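Engineer: Put chain B on the given structure of chain A with help from the hints.
Chains as they are written, first to last, in the numbering used here: chain A, 1 to 289; chain B, 1 to 289.
Careful, some of the hints might be misleading.
[As the list claims (entries may be wrong)] List of simulated lysine-lysine pairs, DSS-like, C-alpha gap at most 30 Å: (1) B:10 - B:264; (2) B:264 - A:250; (3) A:250 - B:289; (4) A:250 - B:250; (5) A:264 - B:205; (6) A:205 - B:18; (7) A:9 - A:133; (8) B:26 - B:289; (9) A:205 - B:205; (10) A:34 - A:169; (11) A:273 - A:10; (12) B:250 - A:273; (13) B:273 - A:250; (14) B:112 - B:9; (15) A:133 - A:26; (16) A:100 - A:133.
Calculated from the structure, these hints are not laboratory results. This structure is a prediction, so every number in the text was calculated from the model and none was measured.
Listed below are the residues making up each chain.
Number of protein chains: 2
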Amino acid sequence: MHTILKSEKKEVIIGIDKPFVIIGEKLNPTGMKKLGQALVDGNMEYVIQLAQRQVAWGADVLDVNVGHPQIEEVTMMPIVVEAVKNAVDVPLCIDSNDPKILAAGLNAAIGKPLVNSVNGEEKQLSAVLPIVKERGAAVIGLTIGEDGIPATAEERLAVAGHIIERAAKMGIPIEDIIIDPLVMTVGHNSLAATVTLRTIELIRKEYGVNMSLGASNVSFGLPDRHSVNSAFLSLAIQAGVTCSITDPIKLGSSIRATDLLLGKDANSMRYLKYFRATEKLREAEAAAK
Amino acid sequence: MHTILKSEKKEVIIGIDKPFVIIGEKLNPTGMKKLGQALVDGNMEYVIQLAQRQVAWGADVLDVNVGHPQIEEVTMMPIVVEAVKNAVDVPLCIDSNDPKILAAGLNAAIGKPLVNSVNGEEKQLSAVLPIVKERGAAVIGLTIGEDGIPATAEERLAVAGHIIERAAKMGIPIEDIIIDPLVMTVGHNSLAATVTLRTIELIRKEYGVNMSLGASNVSFGLPDRHSVNSAFLSLAIQAGVTCSITDPIKLGSSIRATDLLLGKDANSMRYLKYFRATEKLREAEAAAK
Numbered sequence: 001m002h003t004i005l006k007s008e009k010k011e012v013i014i015g016i017d018k019p020f021v022i023i024g025e026k027l028n029p030t031g032m033k034k035l036g037q038a039l040v041d042g043n044m045e046y047v048i049q050l051a052q053r054q055v056a057w058g059a060d061v062l063d064v065n066v067g068h069p070q071i072e073e074v075t076m077m078p079i080v081v082e083a084v085k086n087a088v089d090v091p092l093c094i095d096s097n098d099p100k101i102l103a104a105g106l107n108a109a110i111g112k113p114l115v116n117s118v119n120g121e122e123k124q125l126s127a128v129l130p131i132v133k134e135r136g137a138a139v140i141g142l143t144i145g146e147d148g149i150p151a152t153a154e155e156r157l158a159v160a161g162h163i164i165e166r167a168a169k170m171g172i173p174i175e176d177i178i179i180d181p182l183v184m185t186v187g188h189n190s191l192a193a194t195v196t197l198r199t200i201e202l203i204r205k206e207y208g209v210n211m212s213l214g215a216s217n218v219s220f221g222l223p224d225r226h227s228v229n230s231a232f233l234s235l236a237i238q239a240g241v242t243c244s245i246t247d248p249i250k251l252g253s254s255i256r257a258t259d260l261l262l263g264k265d266a267n268s269m270r271y272l273k274y275f276r277a278t279e280k281l282r283e284a285e286a287a288a289k
Numbered sequence: 001m002h003t004i005l006k007s008e009k010k011e012v013i014i015g016i017d018k019p020f021v022i023i024g025e026k027l028n029p030t031g032m033k034k035l036g037q038a039l040v041d042g043n044m045e046y047v048i049q050l051a052q053r054q055v056a057w058g059a060d061v062l063d064v065n066v067g068h069p070q071i072e073e074v075t076m077m078p079i080v081v082e083a084v085k086n087a088v089d090v091p092l093c094i095d096s097n098d099p100k101i102l103a104a105g106l107n108a109a110i111g112k113p114l115v116n117s118v119n120g121e122e123k124q125l126s127a128v129l130p131i132v133k134e135r136g137a138a139v140i141g142l143t144i145g146e147d148g149i150p151a152t153a154e155e156r157l158a159v160a161g162h163i164i165e166r167a168a169k170m171g172i173p174i175e176d177i178i179i180d181p182l183v184m185t186v187g188h189n190s191l192a193a194t195v196t197l198r199t200i201e202l203i204r205k206e207y208g209v210n211m212s213l214g215a216s217n218v219s220f221g222l223p224d225r226h227s228v229n230s231a232f233l234s235l236a237i238q239a240g241v242t243c244s245i246t247d248p249i250k251l252g253s254s255i256r257a258t259d260l261l262l263g264k265d266a267n268s269m270r271y272l273k274y275f276r277a278t279e280k281l282r283e284a285e286a287a288a289k
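In isolation and in its complexed conformation, chain A is listed as follows (with noise of 0.2 Å):
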């Protein structure tokens, strides 16, 4: 199943049988202080350069949220979209809980992009689905039910059903539909990652749909938690995850590590050019410094 994702000239596609594809996490205000001032004070300067270093990193997709007490959303959202879209030529992905700031973002928002996200209640579903519909996205579906998070794998697989079911409802086909099987940190629970890859075995075989992971939460509140993200990030492709929203600065060396043992990376060619790429990145940013 693919999901297709459009820029102005370009088109993402996300499958099992396609390279993972890197949602560059770094436009969200949340703990970036830098990035809030830059919102609060209107400087576009800032943004577009997080947003052409991503992409340069090797981001697909740009995630875009501008969540800041400060900040009047709904208007700052189509601005920081437009100055993307201009700046970069990948599909967004406009990140927000509230339907107004997704349609404001949708709006402005060139080609097809995505929608972060909508859950398994029913005041969500009703409020967020029409949005996604109305202007042919795609939506991350959070497998997070009417009492929040399901412990088990197999209710988190009923949300799933249910948010597809939903969203067929409406006229949203399957393939637009990406599912978030949901990670805790394992610095909690020590059985917490291992209901995740369980999660996304049951939603692969059942719906075969595609799947998106915040990979980072799973190391919440443990030391060295580039060793845990990567690992878990190999773990979730390896079980059928084919999208994740993440910093391609941090992870993209290993995402495309495990691409290429996958089978998903022929002779080599996206691996060479990624180390080749980002060798230079990292020399010219040490330069800058």
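Structural biologist: Quick look at chain B alone, frame taken from chain A:
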């Protein structure tokens, strides 16, 4: 199924329900000039240092190989085994192609050692298995047949079956056979790792035996080998590999992270202990330089 190795006081259990077992690879002069010279000079101090360093960095077992053009291996093997067993209390893995050298090493070792290795060729099986049986050791069986390394997973499974069967006829129990499904570099063949991963799955399903991998072959000829090696170990552990002859200093953190993610590390105890210990070691080694 559990493979149990023993040193004087320590027991190491290899099994799919146990943390991954690291067999330290560094006591091998191949490509290690300094160690080669130390062996030629009979300098056991350096050998002991290498043994202690690997154990400090998390090696559960130590591989001992003395292959060098200027060394009479039958004489040298027991000398090195003697030195290592007096310095560190971990089981040893006696590493040679030559049955005489294996026998010399096994005689010097205490507890229950591992033999590295036999393969599926009749000549090797009939020369090595009697020595393993007599010593009551465990043995690594490489999936190499009379015609070399098979191209397909099914053929490698057949070689594994042949080794297990021949060992059983000699009275060596199946739990004392650790199969190496072999991996070639993905730099030459994009499907090299997928064949290995499929072999692991088939062997696990058919025989349930423990499996070992030399993980660094997979990245031969590629840049940034660490990204490929660590991702491959994660994938192989998920598929069913239970131990590896590898570098604990380079790959220990990825291995401990993968164990944690696969639910083999209650309350992150081993992961956190490993992080704290190696953080101190890293500081101490940096200071010593």
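Engineer: Taking the hints in turn, state whether each one holds.
Structural biologist: Comparing the hints with the structure gives:
Taking the CA atoms of residue 10 (chain B) and residue 264 (chain B), the gap is near 20 Å; set against the 30 Å cutoff, the hint holds. At roughly 26 Å between alpha-carbon atoms, residue 264 (chain B) and residue 250 (chain A) fall within 30 Å of each other, so this suggested pair holds. At most 30 Å may separate the alpha-carbon atoms for a hinted pair to count; residue 250 (chain A) and residue 289 (chain B) meet this at roughly 28 Å. Distance hint between residue 250 (chain A) and residue 250 (chain B) is fulfilled; the C-alpha atoms sit about 18 Å from each other, no more than 30 Å.
As the CA atoms of residue 264 (chain A) and residue 205 (chain B) are separated by approximately 25 Å, the hinted pair is consistent with the 30 Å bound. At roughly 28 Å between alpha-carbon atoms, residue 205 (chain A) and residue 18 (chain B) fall within 30 Å of each other, so this suggested pair holds. Between the alpha carbons of residue 9 (chain A) and residue 133 (chain A) the distance comes to roughly 22 Å, so the proposed pair stays at or under 30 Å and holds. At roughly 20 Å between alpha-carbon atoms, residue 26 (chain B) and residue 289 (chain B) fall within 30 Å of each other, so this suggested pair holds.
In summary, the hint linking residue 205 (chain A) to residue 205 (chain B) is supported, as the alpha carbons are separated by about 19 Å, within the 30 Å threshold. In summary, the hint linking residue 34 (chain A) to residue 169 (chain A) is not supported, as the alpha carbons are separated by about 42 Å, beyond the 30 Å threshold. Restraint check for residue 273 (chain A) and residue 10 (chain A): the C-alpha separation of about 19 Å stays at or below 30 Å, so the hint holds. Between the alpha carbons of residue 250 (chain B) and residue 273 (chain A) the distance comes to roughly 24 Å, so the proposed pair stays at or under 30 Å and holds.
Distance check on the hinted pair: residue 273 (chain B) and residue 250 (chain A) sit about 24 Å apart at the alpha-carbon level, within 30 Å; holds. Restraint check: the Cα-Cα separation between residue 112 (chain B) and residue 9 (chain B) comes to about 11 Å, which is no more than 30 Å; the hinted pair holds. A hinted pair counts as satisfied when its Cα atoms are at most 30 Å apart, and residue 133 (chain A) with residue 26 (chain A) qualifies at roughly 27 Å. For the given pair, residue 100 (chain A) sits about 15 Å from residue 133 (chain A) by alpha-carbon distance, which is consistent with the 30 Å threshold.
The structure does not agree with numbered hint 10 stated previously, though it agrees with all others.
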